[in-house]
Structure formats: structure tokens, C-alpha cells
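Quick note, the sequences are listed as chains U and L, same order.
Residues in the first sequence are numbered from 1 upward in steps of one, following the numbering used here.
Residues in the second sequence are numbered from 1 upward in steps of one, following the numbering used here.
Incorrect hints may have been included.
[Claimed, not checked] What the simulated footprint calls covered on chain U by chain L, stretch by stretch (three residues with Cβ under 8 angstroms from a Cβ of chain L suffice, anywhere in the stretch; the number is not a length):
| no. | region |
| --- | --- |
| 1 | 34-42 |
| 2 | 81-95 |
| 3 | 155-169 |
| 4 | 183-192 |
| 5 | 430-437 |
Simulated from the structure, these hints should not be mistaken for laboratory data.
Glycine is no exception: its CB is placed at the ideal position from the N, C-alpha and C atoms.
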Amino acid sequence: ASNVAPLIHLCQKLVGVVGLEIHAQISSNSKLFSGSPVCFSAPPNSQVSFFDASLPGTLPVLNRRCVEAAVMTGLALNCTINKKSLFDRKHYFYADLPAGYQITQQRRPVAVDGVLTYSFLGGKKRSQVVRKHVQIKQIQLEQDSGKSLHDDVHSQTLIDLNRAGVGLMELVMEPDMSCGEEAAAAVRELQLILQALGTCQGNMSEGQLRVDANVSVHRPGEPLGVRTEVKNINSIRYLARAIDYEIQRQIGVMQRGGTVHNETRAYDSKSGETIPMRDKEGLQDYRFMPEPNLPPLIVFEDNATLPPGVDSSQVVVVQKIKEGLPELPSVKREHLVQAYGILPEHSFTLVNEEGLMEYFEEVMKATRKEPRKVIGWVMNELLGQLKQQDMSVSQSPISPAALAELLELQETGRVSSSGAKQVFQVMWGSSGKTAEQVIQEQDLGLVSDATQLHNICQKVVDSHPTEVHAIRNGNAKVLNKLMGLVQRELRGKADPVLVMEILKQKTRGGGC
Amino acid sequence: MSAFRLTGLCSCRGVSLKVIESSCNLSRNRRGCLQRPLLNGTRLFSSHSLNSKVNLNIIPADLVDKLERLALVDFRTKEGLACLEKAIRFADQLHLVDTSGVEPMDSVLEDRALYLRNDTETEGDSAEELLKLAKNTVEEYFVAPPGNIPLPKREERTAMLKHSEF
Numbered sequence: 001a002s003n004v005a006p007l008i009h010l011c012q013k014l015v016g017v018v019g020l021e022i023h024a025q026i027s028s029n030s031k032l033f034s035g036s037p038v039c040f041s042a043p044p045n046s047q048v049s050f051f052d053a054s055l056p057g058t059l060p061v062l063n064r065r066c067v068e069a070a071v072m073t074g075l076a077l078n079c080t081i082n083k084k085s086l087f088d089r090k091h092y093f094y095a096d097l098p099a100g101y102q103i104t105q106q107r108r109p110v111a112v113d114g115v116l117t118y119s120f121l122g123g124k125k126r127s128q129v130v131r132k133h134v135q136i137k138q139i140q141l142e143q144d145s146g147k148s149l150h151d152d153v154h155s156q157t158l159i160d161l162n163r164a165g166v167g168l169m170e171l172v173m174e175p176d177m178s179c180g181e182e183a184a185a186a187v188r189e190l191q192l193i194l195q196a197l198g199t200c201q202g203n204m205s206e207g208q209l210r211v212d213a214n215v216s217v218h219r220p221g222e223p224l225g226v227r228t229e230v231k232n233i234n235s236i237r238y239l240a241r242a243i244d245y246e247i248q249r250q251i252g253v254m255q256r257g258g259t260v261h262n263e264t265r266a267y268d269s270k271s272g273e274t275i276p277m278r279d280k281e282g283l284q285d286y287r288f289m290p291e292p293n294l295p296p297l298i299v300f301e302d303n304a305t306l307p308p309g310v311d312s313s314q315v316v317v318v319q320k321i322k323e324g325l326p327e328l329p330s331v332k333r334e335h336l337v338q339a340y341g342i343l344p345e346h347s348f349t350l351v352n353e354e355g356l357m358e359y360f361e362e363v364m365k366a367t368r369k370e371p372r373k374v375i376g377w378v379m380n381e382l383l384g385q386l387k388q389q390d391m392s393v394s395q396s397p398i399s400p401a402a403l404a405e406l407l408e409l410q411e412t413g414r415v416s417s418s419g420a421k422q423v424f425q426v427m428w429g430s431s432g433k434t435a436e437q438v439i440q441e442q443d444l445g446l447v448s449d450a451t452q453l454h455n456i457c458q459k460v461v462d463s464h465p466t467e468v469h470a471i472r473n474g475n476a477k478v479l480n481k482l483m484g485l486v487q488r489e490l491r492g493k494a495d496p497v498l499v500m501e502i503l504k505q506k507t508r509g510g511g512c
Numbered sequence: 001m002s003a004f005r006l007t008g009l010c011s012c013r014g015v016s017l018k019v020i021e022s023s024c025n026l027s028r029n030r031r032g033c034l035q036r037p038l039l040n041g042t043r044l045f046s047s048h049s050l051n052s053k054v055n056l057n058i059i060p061a062d063l064v065d066k067l068e069r070l071a072l073v074d075f076r077t078k079e080g081l082a083c084l085e086k087a088i089r090f091a092d093q094l095h096l097v098d099t100s101g102v103e104p105m106d107s108v109l110e111d112r113a114l115y116l117r118n119d120t121e122t123e124g125d126s127a128e129e130l131l132k133l134a135k136n137t138v139e140e141y142f143v144a145p146p147g148n149i150p151l152p153k154r155e156e157r158t159a160m161l162k163h164s165e166f
């Protein structure tokens, strides 16, 4: 939000209003209404049943796993689960929608009125955890469409129906957000929750999680402005950029006295801009009608409300799902703070970065070092390097065990802390080398041989009578200068604690 | 505008207006209500009927156009439009029924349990059979035009379909 602030001031406080429509592909073995497999890269049209191809005489049969996934997700987002929900048809013509309609839940979705709590690091130094909420209007089950590949050369579109009929959860988030950063943080938290639940793998680049942003601007207190829908956003980073661009664009339009048009725009990652989408024939009218082939979907509160003699494979029980919910990210963060005594902002980053928490806990298992100090290494040295080279935690050339070894060596005085940082850099560049190896090769091991240290200290003391005199007269700070000289002699490999002791002894008076 | 379903009325040629009796829901008993609606019988099909708002020219042309685009049906001629009007008026009879306090029925299956399938792969290996159905395929893909082809304007359509069977 920091780059919008000066603009807001200029434009008499026009602020952005952002709502999100998210389609999460349900992680299941088969499709929502057919027994076709669900799999990412399969040969075109190899996972299509007669129903998926919309051949006459076929009927939808609901997949229980998809219902459970929707209920689980609804519970994790504090929704009210509708015990009775309904299916509808949403009609429009497009080549990748063979039936000419999509089965969705427009009237009564399976879950409503939830809330997503999310955080991001804000404040001046981006080190403060800022917590926000966004209302979840509803979660509904619906079919995915097939995929269209546009072949402009031959002026045709190639259709692959593998994805047609895959189960989706559509989550509608109210326009409670005001900028790209908030939307990105909300989606990241949702991604973590869905992954923890196992209901959706949440990979945006593979299309498992698709986000469309509804963006408008207005002056606070006044009615909402005209909104545009922004599509074609393939990552969380682009989501923030697209929204911020669109807010600025709309503010610019308003500033110039123009009006914002209610339209759909596509985000172009290359230029960082949103451009109007062609092929949008005015306002669509989907002619919603109830799906005549599906009775209402009933889910039961608990075992007590089950009708007698019912087959357990034919019912979804909310209580059972509630009891089976895994640990959610917010709880995980709390546990980390409790267990290790680390700061909330660190715990936030640990959970936020894929694999980082596991990495940290692995290191903690293998070292006696204090958690807060280990965090420093993980956040600064490790994460810093990863970010600089745009790598993920799983790609780190230094394994948790290797880092733990280095930290242990530092703890036991084998290497100084600045030495350890040097060792880390060398280890990063030469994968597989252990800390001990690097220390030996680079001769970075701390000198703690008493005799050697004494000799060098004596040499320095003998050759700097003025400084020694100053120390004896009470100016203890000069000790640091002598320490510096000793370190230079030893090329930084002197154990600072030992050296200080020896120097103090020697300058106390009377020599050694 | 009352909700109407025209799925069977594409080429309106003297379509009988006696259909859909059982859709009327008079009694609380949902099952087997197949009686004729109890209306003031003689006024059923007269053109001065219940809804004086509804007369032959009342459906705006752009609404008809919009319907044609959305449903890809064609009302083509004056007769087609008249058929549409009659169908609307017929369906409007539903307004005479007092449905206060009655839950709408949208599926005759509403008292059936919705069958839930186990999440296993049981089908989907039909690429060859399905692709055979298409005139045009390219390397196992179905081929479609580059985008939705916009429906030609009414005048153009009339010209195009002048010699059609209907």
C-alpha cells in the first residue's frame, strides 16, 4: 500500500476497494459429477467420459469427496454450513463448455458467511505483523470447464476436455480489501489453509487456484465506484501488481474527469498493465435454472441426526469432518512462538515460506543453539540468499543438517561468528562440503591455543606501550584497539573471548 | 416477467397449448397432482383474459432478440412471435394459484436422497470414440472457431434462412 499513499493524497483520498472471486480446484481422484480421473498433464481428451463430453443420455453423479472438501473448507473458514444446498445450471455458449451450461450452486451454496483472518508484515521496517479480516460471502461447488488453446495461425481454437467437469470450490470474498498487498496476503493465507486441509493443492501457476479481482475506487464514506474485473493473474506476486495497477489506473481516469467502465480486463505480466478483454458481448444473462437431475444436497450435523439404517458412504456428517480438521496455519504459528520463544513476525515468515518451518525445526533438532539465534541464521543468511537468487527452500544447497553442524561449531568456539558467516557463503557455493571441511580448507578455525595466543598478545602489548599506559590509566576502550591488532595478526581467527581475557591480564600491570 | 421454459418451442408451428398441466401445484400434496387447474374455466384461452397487459405487441423486439442470442432459438416469423406470446400467457396462469406459505418445487426428485459416489476412477478412457464424433480434430484436440461467432443481425438471419425448411 505504500506506493498508493502519495497518490491518495494527491487525488483527494480516492481509495481502492478490492473483492476477490477465487476458484480452487478440488484435490480428488475423480471429477465432480463423473468417474473420470483428475490429473494435471495428461494427453488431450484422454480423461473425458461421455458425461464430460455432454453426450445425450448421460447424467451427473455427485462425488462424495468433493462435498467433504467443500464442507471442510467451509469449516476452516468459519462458515455456516447449509444443511440443504441446491444445484443450478448457468447457461452460456463457449466451445470448452460442451453442455452449454455449467452446473453450479447459485441459489443455495454449501457454505456461507465465513471469515478469513490473514496477516502481513507491515510497519516501517516491515517487521510488524498486521492482522486483517475479510468476509467470505459463500463457498459453492461447481464444474470446471475444458481448456481452449487459441491457434491464431490457423484461426481456430483447440479444445481439450480433460479439465471439463473437474470439481471446483468457488470462494467469494467481500470487497473488504483496499490494495494489492492485502489481497495477496489474503490469498496466501487461503493457499496455506487449503494446502493444510488437503482440499486443494493451491498451485496458481498450474491453475489449481485461480483468482479474479474486482477493483473499484471511491472516497471513503461515499458509495462504491464502478468496478472492473481483472483476470489472467497467474501468481500471488502478479495479483498484487495487477490490483495496484488497476487502482492507479482508475484513480487516473477519475482525476482526468473520465468515468470508469464496468468491464473485464486482463493482466499482462510483461507490461504490468491491465488491458480490456475483447470478446465480451455486453452483460451476460446466464438464465439460471435449477438442475433438474439432482435432488438437494443434504449434509447432516452429527450422527444423532442421521436417518436410521442409512449407509455411511451415503452421508456427509459435519461433526465428523470438524473433528478431523488438521492444524491450520494460524495455530501452527502460535505453536512455534510457544515452543521456541521466537517472535510472531518470525513465526509468520516461517509458516509463510514454503518449507521454511520444516527446515528450521530440522536445524533445531540437531543443534544446542538458542532458537532465537537459529532464527537469525535462517531469516538472514539462508532466506536472504534464497531470495536473492529467487530459489525456494527445497533448492537450498545447504541442508538443515549441514547448517546445524556449522552452528554447533560456532557454539563450541571452533569458528567465530564472522568466520561462520564466511563459511556459510563458501558452503553455499560448493554444495556438499561440510562446515568442518570449509573451515580447514579456508583456515578459518579459531585459534584457541593458549601459548600461541599468549605469545601474540605479548608481542602486541610489548610493541604498544602508549596504549597499554592508557589502559592502565583507566581507558578500557583502548583494549579494543589492541584486540583489533591481535585479530589482524591472526587474520580474524582469534577467539575473541580468550584474547580479551589475556589482554586484560597482560595490561593489568606487571605483565605475565 | 414470469419464468418460462421454451426448450421445446423452437419452431412454433401450431404447438398445442394443452401441455404442462401437472406443473400446477394447487394442493399441499405434492405427489400425483394431475388434475386440471381449477380456474374460471371459460376465461382460459380468451384473448381478453386475466392479464390485460399481455397483448400481441407487448414483447419488446430487443428482448426477443436477446432471447434468440442467449438460447440460439429463432422466432423467425410473426406466427412464431404469436406463439411465444400465447405461451407466456398460458404460463401466466400460474399467477392465479395461491402459493403463499408453500415451498417452491424445482425438482420432482426433491424427496429423494442425492446419491453420493465414491471418489474412484471408473471411466474417462474414451478419447478415440469421442474424437471420432467430431468432423474436425487436430492431434487429439477438438477444433472450434477462434471465438464465439456473433449471431448475425436479424435482417441478415432472415436473408440467410429464407430458403430453409422451416
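Hint-by-hint comparison with the structure:
With 4 residues having a beta carbon nearer than 8 angstroms to a beta carbon of chain L, the region 34-42 of chain U meets the requirement of three or more and the stated coverage holds. With 5 residues having a beta carbon nearer than 8 angstroms to a beta carbon of chain L, the region 81-95 of chain U meets the requirement of three or more and the stated coverage holds. With 7 residues carrying a beta carbon less than 8 angstroms from a beta carbon of chain L, the region 155-169 of chain U meets the three-residue requirement, and the given coverage holds. Counting residues of the region 183-192 of chain U whose beta carbon lies closer than 8 angstroms to any beta carbon of chain L gives 0, which falls below the threshold of three, so the coverage claim is violated.
Coverage of the region 430-437 of chain U by chain L is violated [criterion: at least 3 residues with CB-CB distance below 8 angstroms; count 0].
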